[in-house]
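Q: If you want the building blocks of each chain, they are given just below.
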Amino acid sequence: MRWLWLTAFFVCIPSSAHRLADTIAPMDAESLAALKKKYQRPEAIPFPSDNPYSRAKEELGRKLFFDARLSRAGRSCASCHDPGKRWSDGLAQPVGSHEQEFPRKTPTLLNSAWLSALMWDGRADTLEQQSVMPIIAPHEMDMPVVQLLERINGLEDYRAPVTRAYGKVETITITHIKQALATFERTLVSPITDLDRWVEGDAGALSLDEQRGFLVYNGRAQCAACHSTWRLTDDGFHDIGLASADRGRAAYTPPQVVGMQHAFKTPTLRELNDRGPYMHDGSISSLADIIEHYENGAIARPSLSPEMKPFTLTDKERSDLLAFLRALGRNPAPGSEHMTKGE
Amino acid sequence: MKHDSNRRKVTAIMAFGALACAAPMLFVSRIAGAAAAEHVLTLNHHELSEPDFNTTVGDRIRIVNGADIAHSIYITYEDGRIVSLDTQLPGTDKTFVVESAGTVLLRCWIHPVIRQALVVAPAK
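Chains as they are written, first to last, in the working numbering: chain F, 1 to 343; chain X, 1 to 124.
Bound-form chain F, shown alone:
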């Protein structure tokens, strides 16, 4: 009888061990469900009450966005925000109107509708405010407002779309341009990927390694302290201890706000590619190097974000986190970026 019990005991060990290997972590189902809920996509795109959505405004904005005639440098918004490159340019350092290199990467326009501050240094509060900044900037599209309005009012092919969007108007104003561009940009939304499918209940959408990586992301590595919500960003400003001399947000905040020195807006990690370059200055070229930076590479200085707490991952945790990060842009569903437009 004793042998029978012992045999049963040893037969059970492998199956128990197998089951343990198939679970993702020391987290109960309820806690995991609550955590996943924080990453659920919204159902509709928000539009401000002073610039509500209309299809005609979206169409006018699209036309403006791709029109290089609105530049003295032969460029359009799409020259840097290329739809084929996740509405960015894929460069470590963008090239300006006179072939000069910029110190900051081109951010994606995806999910701009939810932003509470725009540009790497947050100098624009709304998409309307931001939308013409690159058009008039000499190093970007290099088109002063007066000349912009003169040119667009002389273009016959703008008459009909402007009338559809705003009714009969005497002249096209900068407000028309800002509102239409902002409306179009608000419609640019990340497609549904495997992360969204897993969050919504498709247990097989992420591998077990990737699921463990999700827990490392939210746990020991503390990525979610800043890369939170379904957009994987808090829209916050943090000094993450990079060597760049660029003072970022500090150019727009009082000097006594020490924490804004070298602080830049948290970029979204959605559609994260595996090729880099990464960070606001394109200074890190691989995801593995990014993890290493957060583990022990940050420069200690008074402005360093309090969320930059030191941590050390095991090799397994590191590889799981890497697997999760690599899965973030996987299997985008065609057409799923078309979200309901409204509050």
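It is worth saying that the hints were derived from the structure and are not from the lab. Every value quoted in this text rests on a predicted model; they were computed, and no experiment measured them. We treat Cβ as the ideally placed atom computed from N, Cα and C, and that holds for glycine. A portion of the hints provided could be inaccurate.
What the hints assert, rightly or not - Each pair of labels, with its calculated beta carbon distance range:
| # | chain 1 | residue 1 | chain 2 | residue 2 | range |
| --- | --- | --- | --- | --- | --- |
| 1 | F | ASN153 | X | ALA36 | 19 to 29 Å |
| 2 | F | VAL95 | X | ALA37 | 52 to 62 Å |
| 3 | X | LEU89 | F | GLU101 | 20 to 30 Å |
| 4 | F | ARG326 | X | GLY58 | 23 to 33 Å |
| 5 | F | ASN153 | X | PRO122 | 46 to 56 Å |
| 6 | F | ASP125 | X | GLY91 | 47 to 57 Å |
| 7 | F | ASP157 | X | GLY91 | 51 to 61 Å |
| 8 | X | LEU89 | F | GLY204 | 22 to 32 Å |
| 9 | F | PHE66 | X | ARG62 | 17 to 27 Å |
| 10 | F | LYS37 | X | ALA37 | 53 to 63 Å |
| 11 | X | ALA123 | F | ARG326 | 56 to 66 Å |
| 12 | X | ALA123 | F | HIS338 | 49 to 59 Å |
| 13 | X | ALA117 | F | GLU43 | 38 to 48 Å |
| 14 | X | GLU50 | F | THR171 | 41 to 51 Å |
Assemble chain X onto chain F, guided by the hints.
A: Quick look at chain X alone, frame taken from chain F:
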């Protein structure tokens, strides 16, 4: 005997004077005590709780960081003056005294999504 009588008179006059001076001060201090209320607003991740109180100039506002991340609240008065409360770690409090009436905007340097308005009444 006459000397003692004068001393009692002087003492009585001084006591009366002291009372006369102290009474208005006590009155003023009671008013000030009543006006300078303390209110609490709580930070919860990326939200600052909505005020459920009336605010008057001189009131103290205590910001409680109930989130697990740091914040850095600043106050903007209608005349453009900005008061920064500096970095506020999780589980800590920061307090400020409301300096002037009107709509006072509370925002976070780190997280611009955080914004809350206080409508402040003038001091009585």
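Q: Note whether the CB distance of ASN153 (chain F) and PRO122 (chain X) lies within 46 to 56 Å or breaks it.
A: Check passed, 49 Å falls within 46 to 56 Å.
Q: Tell me if the beta carbons of PHE66 (chain F) and ARG62 (chain X) are separated by a distance inside 17 to 27 Å.
A: Violated - the Cβ-Cβ distance for PHE66 (chain F) and ARG62 (chain X), about 52 Å, lies outside 17 to 27 Å.
Q: Between ASP125 (chain F) and GLY91 (chain X), is the Cβ distance one that fits in 47 to 57 Å?
A: Check failed, 30 Å falls outside 47 to 57 Å.
Q: Evaluate the given range 51 to 61 Å for the C-beta pair formed by ASP157 (chain F) and GLY91 (chain X).
A: 59 Å, holds
Q: Taking 20 to 30 Å as the hint, is the beta-carbon distance of LEU89 (chain X) and GLU101 (chain F) inside that range?
A: 38 Å, violated
Q: Go ahead and decide if the range 22 to 32 Å is satisfied by the Cβ distance of LEU89 (chain X) to GLY204 (chain F).
A: 40 Å, violated
Q: Taking the beta carbons of ALA123 (chain X) and HIS338 (chain F), is their distance inside 49 to 59 Å?
A: Between ALA123 (chain X) and HIS338 (chain F), where Cβ atoms are some 54 Å apart, the hint holds.
Q: Does the hinted range 19 to 29 Å hold for ASN153 (chain F) and ALA36 (chain X) at CB?
A: Violated - the Cβ-Cβ distance for ASN153 (chain F) and ALA36 (chain X), about 59 Å, lies outside 19 to 29 Å.
Q: Taking 41 to 51 Å as the stated bounds, is the beta-carbon spacing between GLU50 (chain X) and THR171 (chain F) within them?
A: Since GLU50 (chain X) and THR171 (chain F) have Cβ atoms about 43 Å apart, the given range 41 to 51 Å holds.
Q: So the hint says 52 to 62 Å: do the beta-carbon atoms of VAL95 (chain F) and ALA37 (chain X) match that?
A: At roughly 58 Å between Cβ atoms, ALA37 (chain X) and VAL95 (chain F) fall inside 52 to 62 Å, so the hint holds.
Q: Assuming the hint says 56 to 66 Å, is it satisfied by the Cβ distance from ALA123 (chain X) to ARG326 (chain F) or not?
A: 59 Å, holds
Q: Holds or violated: the 53 to 63 Å window for the beta-carbon distance between LYS37 (chain F) and ALA37 (chain X)?
A: About 37 Å separates the Cβ atoms of LYS37 (chain F) and ALA37 (chain X), which means 53 to 63 Å is violated.
Consistency note: the structure conflicts with the earlier hints numbered 1, 3, 4, 6, 8, 9, 10, 13.
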